[in-house]
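Asker: Sequence:
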Amino acid sequence: MADAPSRKKTKTTATGLVIAILIGGYTMFRPAINQATGWNLPAIAQQEASVAATKVAATADRAETTTTSPVPSTSKDDPSKPGATKNPPAPRAPTQRGPLADRMSPSKSASARPPTDGVTADKATTDSPPKSDPSLKYGLLREIGPERYLSPAGLLYAPGSAEGHRLEHLKRHTADQPNRPGKHGVFDGGMEGALTTIEKAFEKAKAKQRTTTEEDGDRTIYTVDMGKRIGYIGGREGNQKRKPMARRIRMVLEGNRVITAFPL
Numbered sequence: 001m002a003d004a005p006s007r008k009k010t011k012t013t014a015t016g017l018v019i020a021i022l023i024g025g026y027t028m029f030r031p032a033i034n035q036a037t038g039w040n041l042p043a044i045a046q047q048e049a050s051v052a053a054t055k056v057a058a059t060a061d062r063a064e065t066t067t068t069s070p071v072p073s074t075s076k077d078d079p080s081k082p083g084a085t086k087n088p089p090a091p092r093a094p095t096q097r098g099p100l101a102d103r104m105s106p107s108k109s110a111s112a113r114p115p116t117d118g119v120t121a122d123k124a125t126t127d128s129p130p131k132s133d134p135s136l137k138y139g140l141l142r143e144i145g146p147e148r149y150l151s152p153a154g155l156l157y158a159p160g161s162a163e164g165h166r167l168e169h170l171k172r173h174t175a176d177q178p179n180r181p182g183k184h185g186v187f188d189g190g191m192e193g194a195l196t197t198i199e200k201a202f203e204k205a206k207a208k209q210r211t212t213t214e215e216d217g218d219r220t221i222y223t224v225d226m227g228k229r230i231g232y233i234g235g236r237e238g239n240q241k242r243k244p245m246a247r248r249i250r251m252v253l254e255g256n257r258v259i260t261a262f263p264l
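Following the UniProt record's numbering, the numbering of the sequence shown begins with 1 at its first residue and continues without gaps.
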């Protein structure tokens, strides 16, 4: 591509030289031609010939300049000009999130997690056992007279037995007596557990659910299968057998008065 302007310039310069030679020859031979032919050919001034040759050279220079000069960048291609138009960057594809992204993200996990203060407080309130009425003995028995206590199911605990009170006799069945001969039934849950189990057993006995009933004079003996553990068998025999689980209860009542009750 660099040789083309040079060839064009050389061709233009040769043309100018030819024109100059022709003009010079015409000027030199014009008088002889006029004399020989009788013509009156016009004369060409030397200054006009020089001007013509100069125009030819100037035309050649402009052609070379137009050919070799670089094309100026337009505002579209030049990003430094105010009017330049920049191609907008291609939009980035959204990053795919893995199945554990939400879980591993602390901010999202924290925002997605519901407040637990109220829930925890409600659960604690629900799971906590109801407060016992301080006016009730063991939280269950209501005193109806001197040393006389009535249960919600209608069982009466009154003075009697070798211990002086039926409740004191019942308390013996809330702890093991390993040296006692034979079996010794022990309730789970202390006195509160024993009284609650007796209440449930009495309700089953009245409904005749899984209950065996015996009569002994004025007393009624109920043997009730509770269907789950209510305590264990202690005493010497029970300890020899590694304290087997007790699921039944035996109650001896005289009317609604509790004489005794213990696990079997």
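Some clues are possibly wrong.
[As the list claims (entries may be wrong)] Subject to a maximum C-alpha distance of 25 Å in a straight line, what follows is the list of computed BS3-like cross-link-like pairs (lysine-lysine):
id	residue 1	residue 2
1	Lys241	Lys208
2	Lys228	Lys183
3	Lys171	Lys228
4	Lys137	Lys183
5	Lys228	Lys208
6	Lys200	Lys243
7	Lys171	Lys204
8	Lys243	Lys228
9	Lys183	Lys241
10	Lys137	Lys208
11	Lys204	Lys241
12	Lys243	Lys137
13	Lys200	Lys183
14	Lys228	Lys241
15	Lys206	Lys228
16	Lys206	Lys243
17	Lys171	Lys241
18	Lys241	Lys137
[Unchecked claim] What follows is a list of derived Cβ distance ranges for each label pair:
id	residue 1	residue 2	range
19	Ala207	Pro146	11 to 21 Å
20	Asp133	Arg242	31 to 41 Å
21	Lys206	Arg229	31 to 41 Å
22	Arg247	Glu214	12 to 22 Å
23	Glu163	Asn256	30 to 40 Å
24	Arg236	Lys206	32 to 42 Å
25	Asp133	Gly182	17 to 27 Å
26	Pro134	Arg242	18 to 28 Å
27	Asp225	Gly255	18 to 28 Å
Just so you know, the hints here were simulated from the structure itself, not pulled from any lab data.
Remember, predicted model here, so these are calculated numbers, not experimental data.
C-beta atoms are modelled at their ideal positions from N, C-alpha and C, and glycine is treated no differently.
Asker: Taking the hints in turn, state whether each one holds.
Answerer: Tested hints:
| no. | hint | verdict |
| --- | --- | --- |
| 1 | Lys241 to Lys208 | violated, 31 Å |
| 2 | Lys228 to Lys183 | holds, 19 Å |
| 3 | Lys171 to Lys228 | holds, 21 Å |
| 4 | Lys137 to Lys183 | violated, 29 Å |
| 5 | Lys228 to Lys208 | holds, 17 Å |
| 6 | Lys200 to Lys243 | holds, 23 Å |
| 7 | Lys171 to Lys204 | holds, 23 Å |
| 8 | Lys243 to Lys228 | holds, 16 Å |
| 9 | Lys183 to Lys241 | holds, 10 Å |
| 10 | Lys137 to Lys208 | violated, 28 Å |
| 11 | Lys204 to Lys241 | violated, 29 Å |
| 12 | Lys243 to Lys137 | violated, 30 Å |
| 13 | Lys200 to Lys183 | holds, 23 Å |
| 14 | Lys228 to Lys241 | holds, 19 Å |
| 15 | Lys206 to Lys228 | holds, 19 Å |
| 16 | Lys206 to Lys243 | violated, 30 Å |
| 17 | Lys171 to Lys241 | holds, 23 Å |
| 18 | Lys241 to Lys137 | violated, 35 Å |
| 19 | Ala207 to Pro146: 11 to 21 Å | violated, 33 Å |
| 20 | Asp133 to Arg242: 31 to 41 Å | holds, 39 Å |
| 21 | Lys206 to Arg229: 31 to 41 Å | violated, 23 Å |
| 22 | Arg247 to Glu214: 12 to 22 Å | holds, 19 Å |
| 23 | Glu163 to Asn256: 30 to 40 Å | violated, 20 Å |
| 24 | Arg236 to Lys206: 32 to 42 Å | holds, 35 Å |
| 25 | Asp133 to Gly182: 17 to 27 Å | violated, 38 Å |
| 26 | Pro134 to Arg242: 18 to 28 Å | violated, 39 Å |
| 27 | Asp225 to Gly255: 18 to 28 Å | holds, 24 Å |
The structure fails to meet hints 1, 4, 10, 11, 12, 16, 18, 19, 21, 23, 25 and 26 from the earlier list, while all remaining hints are met.
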